[in-house]
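Order-wise, the sequence lines are chains X and L. All residue numbers for the first sequence refer to the numbering used here, where the first residue is 3 and numbers rise by one. All residue numbers for the second sequence refer to the numbering used here, where the first residue is 9 and numbers rise by one.
Among the hints, a few may not be true.
[Stated by the list, open to error] Here are the simulated lysine to any residue pairs, SDA-like style, with alpha carbons at most 25 Å apart:
1. LYS80/X x ASN222/L
2. LYS136/L x GLY109/L
3. LYS216/L x GLY38/X
4. LYS223/L x ALA70/X
5. LYS28/X x GLY121/L
6. LYS216/L x ARG29/X
7. LYS153/L x ALA12/X
[Claimed, not checked] Here are some of the chain L residues that sit facing chain X, going by a computed Cβ distance under 7 Å:
8. LEU117
9. GLY119
10. THR191
11. PRO194
12. PRO199
13. GLN203
14. TYR206
15. ALA214
16. ASN222
17. GLU240
[What the hints assert, rightly or not] Here are the computed distance ranges between Cβ atoms for each label pair:
18. ASP66/X x GLU67/L: 43 to 49 Å
19. GLU67/L x LEU59/X: 42 to 48 Å
20. GLU62/L x ASN8/X: 51 to 57 Å
21. LYS28/X x GLY119/L: 53 to 59 Å
22. LYS28/X x SER251/L: 22 to 28 Å
23. ILE192/L x THR37/X: 23 to 29 Å
24. PRO27/L x GLY48/X: 46 to 52 Å
25. ASP66/X x GLU247/L: 50 to 56 Å
Honestly, the hints are just simulated from the structure, not real lab data. In this text, all values refer to a predicted model and were calculated from it rather than measured experimentally. The C-beta atom is built at its ideal place from N, Cα and C for all residues, glycine as well.
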Amino acid sequence: MKINTNLVFAEMGDGFVAVPVGDAAKRIVIRLNNTGKEICSALVDGLTPDQVVSNILNEYDGVDEETARRGVESVVSKLRDAGLISE
Amino acid sequence: MENTYRIGNKNIHIKSVFPRVHNLCKDYLAEGTADFSVETFQEDIDKERMRYEEACLKEGKSIINYSDGYLEGLAVYRKIASKMLDYDTFLFHGSTVCVDGEAFIFTALSGTGKSTHTALWRKLLGDKAVMINDDKPLIEIAGSKAVVYGTPYDGKHHLSTNMSAPVKAICILERAEKNSIETISPDEAFPMLYQQTYNTETSEGAAKTLALLNKLLGLCDFYVLHCNMDIEAAKLAYETMRSK
Numbered sequence: 003m004k005i006n007t008n009l010v011f012a013e014m015g016d017g018f019v020a021v022p023v024g025d026a027a028k029r030i031v032i033r034l035n036n037t038g039k040e041i042c043s044a045l046v047d048g049l050t051p052d053q054v055v056s057n058i059l060n061e062y063d064g065v066d067e068e069t070a071r072r073g074v075e076s077v078v079s080k081l082r083d084a085g086l087i088s089e
Numbered sequence: 009m010e011n012t013y014r015i016g017n018k019n020i021h022i023k024s025v026f027p028r029v030h031n032l033c034k035d036y037l038a039e040g041t042a043d044f045s046v047e048t049f050q051e052d053i054d055k056e057r058m059r060y061e062e063a064c065l066k067e068g069k070s071i072i073n074y075s076d077g078y079l080e081g082l083a084v085y086r087k088i089a090s091k092m093l094d095y096d097t098f099l100f101h102g103s104t105v106c107v108d109g110e111a112f113i114f115t116a117l118s119g120t121g122k123s124t125h126t127a128l129w130r131k132l133l134g135d136k137a138v139m140i141n142d143d144k145p146l147i148e149i150a151g152s153k154a155v156v157y158g159t160p161y162d163g164k165h166h167l168s169t170n171m172s173a174p175v176k177a178i179c180i181l182e183r184a185e186k187n188s189i190e191t192i193s194p195d196e197a198f199p200m201l202y203q204q205t206y207n208t209e210t211s212e213g214a215a216k217t218l219a220l221l222n223k224l225l226g227l228c229d230f231y232v233l234h235c236n237m238d239i240e241a242a243k244l245a246y247e248t249m250r251s252k
């Protein structure tokens, strides 16, 4: 799974947005909360979804694997719906 | 050809291949030193033509053979818009009217009726309504206020005034049979605001633009106006937006 564009993150209101940048970039806005932004950044950095889940479980006490996986899949789904992922 | 103009509260030295852009900017001539310079070359014009033709092909529109001088004008504004981010100022696509010292910006996808609607404001309010810019004004985030500036890039009817005013409200237009207006949250307004803001194509430019938009969200009111072409649409919009 690869994110096929350059994403820029920014604070927007109470959360964050991620937008693709570049010549042919679509004017898409992906809304993220704090955790979503961390997940998305990790995916952009090249981590696989499984690696991101693993990082969340290592970093946060009290988060179970199902919750972590759901969070990661939610972000992946947003990126896929926006056409920003190549498998 | 070259000269200096004051646009968006900055003195800008423009050097171009063709003279057309200087005729476009003639109402904005400035004296004094330039805050920055932009220069265009034939390759900028060729790139603008390519960009335009690609967009036409993508949208299924026929290609108009614009002159190099005309396209150079667009290339100049592109360079200005990119540099103005350094001054907390961004290019926004919206028809902007000033009434009693406050600016109201109407934005929407092309062809929706922004200019038609602000023309109704002028019909309703006469000389009280002054067009700041009918197409691509500049918005500066100046501390605790957003200020909109008239620019020479003022649409096909060339409606603009070399002036500025604080932004009271930004209104997203949608065509409808019956007129209605509602307040929307900054969150709800953001996607359209972003879509109507100049796309800088660099990560740094995008980050700066988003930071400015984030500030804008707290500096004015936001509305959606569902409207037809009746003057009642202007009356509803004006009376609602000025009163808050």
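Going down the list of hints, with the structure as the test:
1. LYS80/X x ASN222/L: With a Cα-Cα distance of about 21 Å, the restraint between LYS80/X and ASN222/L holds, given a limit of 25 Å.
2. LYS136/L x GLY109/L: Given that 25 Å is the threshold and the Cα spacing comes to 10 Å, the pair holds.
3. LYS216/L x GLY38/X: With a Cα-Cα distance of about 21 Å, the restraint between LYS216/L and GLY38/X holds, given a limit of 25 Å.
4. LYS223/L x ALA70/X: violated, 32 Å
5. LYS28/X x GLY121/L: holds, 24 Å
6. LYS216/L x ARG29/X: Holds: LYS216/L and ARG29/X sit about 16 Å apart, inside 25 Å.
7. LYS153/L x ALA12/X: holds, 21 Å
8. LEU117: violated, 11 Å
9. GLY119: violated, 17 Å
10. THR191: violated, 15 Å
11. PRO194: holds, 6 Å
12. PRO199: holds, 5 Å
13. GLN203: With a minimum Cβ separation of about 5 Å from chain X (threshold 7 Å), the hint on GLN203/L holds.
14. TYR206: violated, 11 Å
15. ALA214: holds, 4 Å
16. ASN222: holds, 5 Å
17. GLU240: violated, 32 Å
18. ASP66/X x GLU67/L: 43 to 49 Å: holds, 48 Å
19. GLU67/L x LEU59/X: 42 to 48 Å: Holds, since GLU67/L and LEU59/X (Cβ atoms, about 47 Å apart) stay within the stated range.
20. GLU62/L x ASN8/X: 51 to 57 Å: violated, 19 Å
21. LYS28/X x GLY119/L: 53 to 59 Å: Once the Cβ atoms are compared, 20 Å apart, the range 53 to 59 Å for GLY119/L and LYS28/X is violated.
22. LYS28/X x SER251/L: 22 to 28 Å: Check failed, 37 Å falls outside 22 to 28 Å.
23. ILE192/L x THR37/X: 23 to 29 Å: With Cβ atoms ~26 Å apart, the hint holds.
24. PRO27/L x GLY48/X: 46 to 52 Å: This hint holds: roughly 50 Å between Cβ atoms.
25. ASP66/X x GLU247/L: 50 to 56 Å: holds, 54 Å
Violated hints, in rising order: 4, 8, 9, 10, 14, 17, 20, 21, 22; the structure is consistent with all others.
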